[in-house]
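Chain A is already provided as a structure; the job is to place chain B on it using the hints.
The listed protein sequences derive, respectively, from chains A and B. According to the working numbering, the residues represented by the first sequence are 3 to 283, in order. According to the working numbering, the residues represented by the second sequence are 3 to 283, in order.
These aren't lab readings, by the way, just hints derived from the structure by calculation. There could be a bad hint or two in this list.
As the list claims (entries may be wrong) - Simulated DEER-style distance windows between Cβ atoms:
(1) B:T251 <-> A:P66: 24 to 34 Å
(2) B:K171 <-> A:D51: 21 to 31 Å
(3) A:E235 <-> B:P124: 29 to 39 Å
(4) B:S25 <-> A:P102: 42 to 52 Å
(5) A:E68 <-> B:D182: 57 to 67 Å
Unchecked claim - The following residues of chain A were derived to be distant from chain B, with all beta-carbon distances above 10 Å:
(6) E180
(7) L193
(8) K234
For clarity, every value in this text was computed on a predicted model and none was experimentally measured. Cβ coordinates follow ideal geometry from the N, Cα and C atoms, glycine included.
Protein chains: 2
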Amino acid sequence: MRIYHKIPELKEYIAFQKAKWRSVGLVPTMGFLHEGHVSLIEKSASENDLTVVSIFVNPTQFGPNEDYETYPRDFEADSQAARNAGADILFAPPPDEMYPDGYGTYVYVEGLSDLLCGKSRPDHFRGVASVVCKLFNIVTPDRAYFGQKDAQQLVIIGKMARDLNMGVKIIGCPIIREEDGLAKSSRNTYLSSDERKRAAALCRSLYRAQEMVQAGQRNAGIIHDAMIQTLKEASPDLIDYVEIVNADTLQPVELLAGRVLIALAVRFGQTRLIDNIVLEV
Amino acid sequence: MRIYHKIPELKEYIAFQKAKWRSVGLVPTMGFLHEGHVSLIEKSASENDLTVVSIFVNPTQFGPNEDYETYPRDFEADSQAARNAGADILFAPPPDEMYPDGYGTYVYVEGLSDLLCGKSRPDHFRGVASVVCKLFNIVTPDRAYFGQKDAQQLVIIGKMARDLNMGVKIIGCPIIREEDGLAKSSRNTYLSSDERKRAAALCRSLYRAQEMVQAGQRNAGIIHDAMIQTLKEASPDLIDYVEIVNADTLQPVELLAGRVLIALAVRFGQTRLIDNIVLEV
Numbered sequence: 003m004r005i006y007h008k009i010p011e012l013k014e015y016i017a018f019q020k021a022k023w024r025s026v027g028l029v030p031t032m033g034f035l036h037e038g039h040v041s042l043i044e045k046s047a048s049e050n051d052l053t054v055v056s057i058f059v060n061p062t063q064f065g066p067n068e069d070y071e072t073y074p075r076d077f078e079a080d081s082q083a084a085r086n087a088g089a090d091i092l093f094a095p096p097p098d099e100m101y102p103d104g105y106g107t108y109v110y111v112e113g114l115s116d117l118l119c120g121k122s123r124p125d126h127f128r129g130v131a132s133v134v135c136k137l138f139n140i141v142t143p144d145r146a147y148f149g150q151k152d153a154q155q156l157v158i159i160g161k162m163a164r165d166l167n168m169g170v171k172i173i174g175c176p177i178i179r180e181e182d183g184l185a186k187s188s189r190n191t192y193l194s195s196d197e198r199k200r201a202a203a204l205c206r207s208l209y210r211a212q213e214m215v216q217a218g219q220r221n222a223g224i225i226h227d228a229m230i231q232t233l234k235e236a237s238p239d240l241i242d243y244v245e246i247v248n249a250d251t252l253q254p255v256e257l258l259a260g261r262v263l264i265a266l267a268v269r270f271g272q273t274r275l276i277d278n279i280v281l282e283v
Numbered sequence: 003m004r005i006y007h008k009i010p011e012l013k014e015y016i017a018f019q020k021a022k023w024r025s026v027g028l029v030p031t032m033g034f035l036h037e038g039h040v041s042l043i044e045k046s047a048s049e050n051d052l053t054v055v056s057i058f059v060n061p062t063q064f065g066p067n068e069d070y071e072t073y074p075r076d077f078e079a080d081s082q083a084a085r086n087a088g089a090d091i092l093f094a095p096p097p098d099e100m101y102p103d104g105y106g107t108y109v110y111v112e113g114l115s116d117l118l119c120g121k122s123r124p125d126h127f128r129g130v131a132s133v134v135c136k137l138f139n140i141v142t143p144d145r146a147y148f149g150q151k152d153a154q155q156l157v158i159i160g161k162m163a164r165d166l167n168m169g170v171k172i173i174g175c176p177i178i179r180e181e182d183g184l185a186k187s188s189r190n191t192y193l194s195s196d197e198r199k200r201a202a203a204l205c206r207s208l209y210r211a212q213e214m215v216q217a218g219q220r221n222a223g224i225i226h227d228a229m230i231q232t233l234k235e236a237s238p239d240l241i242d243y244v245e246i247v248n249a250d251t252l253q254p255v256e257l258l259a260g261r262v263l264i265a266l267a268v269r270f271g272q273t274r275l276i277d278n279i280v281l282e283v
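Extracted from the complex, chain A is given alone in its bound form:
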């Protein structure tokens, strides 16, 4: 596995590989790789001649009081994990390689970025879209792989790629969960052991919603209230949101129909966790 920290060298190598008609898959990550990331890398490796994993804790997607400084980092473990999962290239630029002095260009996806997580994280998706746009231009992938756990991110990046004619196929991959159902996340390491136990309430509330839908319930308000009840049993420190929306437009639905995304964000202590489920109703 080749490791690059600089953009020009990486671009040169990829141009050389593409000239040999090699297909390129990209797995953009913020590092601290877990089984969720590994599943993306393995999928990319199975579908492309060359798999690029990027590791970049992107400052522009963190709010001023968020965890940019303390976000967990472990380059050695990440290199090992990426290599083992089948990555051919690891791209780990320092911040000033991605955002040199005077940087100032941002990509904004209207209508999707100020909903759900965007309400409490106002510039988050602008930062996500911009850095992914840059990574697409640097790596020129044929396919890019994102976890379904960040459901809103996946919808926004899909729309950005279509709207800006990027010619990259965006592929969403299933959420990987712990045994008790907690979605794998680099931020799970923040949880105390008590918080960790209580955090399983996120997926319990989603499973409860799924069961209600399977039993015929279509009223979003009733499902929402049952989910809140399940969450409250775990005494979360904050329920940021529980929302039932159209999976493509992210607009709230009152009666469930078609592809529905049920998404939530909950805080235990200082740790904000997200989870979701997509139901075909």
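Using the frame of chain A, we list chain B on its own:
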């Protein structure tokens, strides 16, 4: 010369050409081609294996009370002019090919877009950056050619291409002028014959500034006032701005030094004209 109206067909043809190692130059235009555009096409044809001219009157860069509907269009004459100048491909998409229903992704270049023309045209450069980003992704040019007449646009696109790692070389080309010095512009056709005569005051005021600088004047305020005086002799209907700025940052300078852009926007009747000069001081 091949003519394309649809994005997928154009992309397919260009991918086929690039696979044969052909270099691609792009000249983005809004059509109604004049000698300024022709000079860009000729330069691209001399530097690239394949020259793509796009003709698209981009709705997102016009304000609500601007001339999108009335902007001059002449596809037959443009095809002829592009072919004669050496274009290999004409790309002329209809609006809904570029902006399908539900379109919503925009590129914004901070710090440069709300100055000069951006003050009176608040969303203009967001529309320009977004459509050029799309064209770059569709055409994947090695080089793209823009007229120096739209000086602010050239700076913004250069910054966008660098910031977003687009890998396109942005090439600015000299302003082409009428005999009396008026910068060629598709909008010159709006002018009455009286307005047309008076409009030469734009470049006269720039030449006056240039002479003052050559004579040793470095005080931006004094040069500005002299330019206003020259403009006023032609009784313009509005002097939108006359500004003396750093040619890279577009920030106003008080004492001229380094690369300085002197830019102005003036209205005769309903027609807003721009012009500029770059001086190495």
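Consistency of the hints with the structure:
1. Roughly 26 Å separates the CB atoms of T251 (chain B) and P66 (chain A), a value that falls within the hinted 24 to 34 Å.
2. Between K171 (chain B) and D51 (chain A) the Cβ separation comes to about 28 Å, which falls inside the hinted range of 21 to 31 Å.
3. Remark: the range hint 29 to 39 Å for E235 (chain A) to P124 (chain B) is contradicted by a beta-carbon distance near 50 Å.
4. The hinted range of 42 to 52 Å is not satisfied by S25 (chain B) and P102 (chain A), whose Cβ atoms lie roughly 27 Å apart.
5. Judged by the Cβ atoms, the range 57 to 67 Å given for E68 (chain A) and D182 (chain B) holds: they are separated by roughly 59 Å.
6. E180 (chain A), annotated as away from the interface, keeps every beta carbon of chain B farther than 10 Å; the closest lies near 35 Å.
7. For L193 (chain A), the condition that its CB be more than 10 Å from all CB atoms of chain B holds, with the nearest at approximately 35 Å.
8. Annotated as non-interface, K234 (chain A) keeps its C-beta farther than 10 Å from every C-beta of chain B; the closest such distance is 36 Å.
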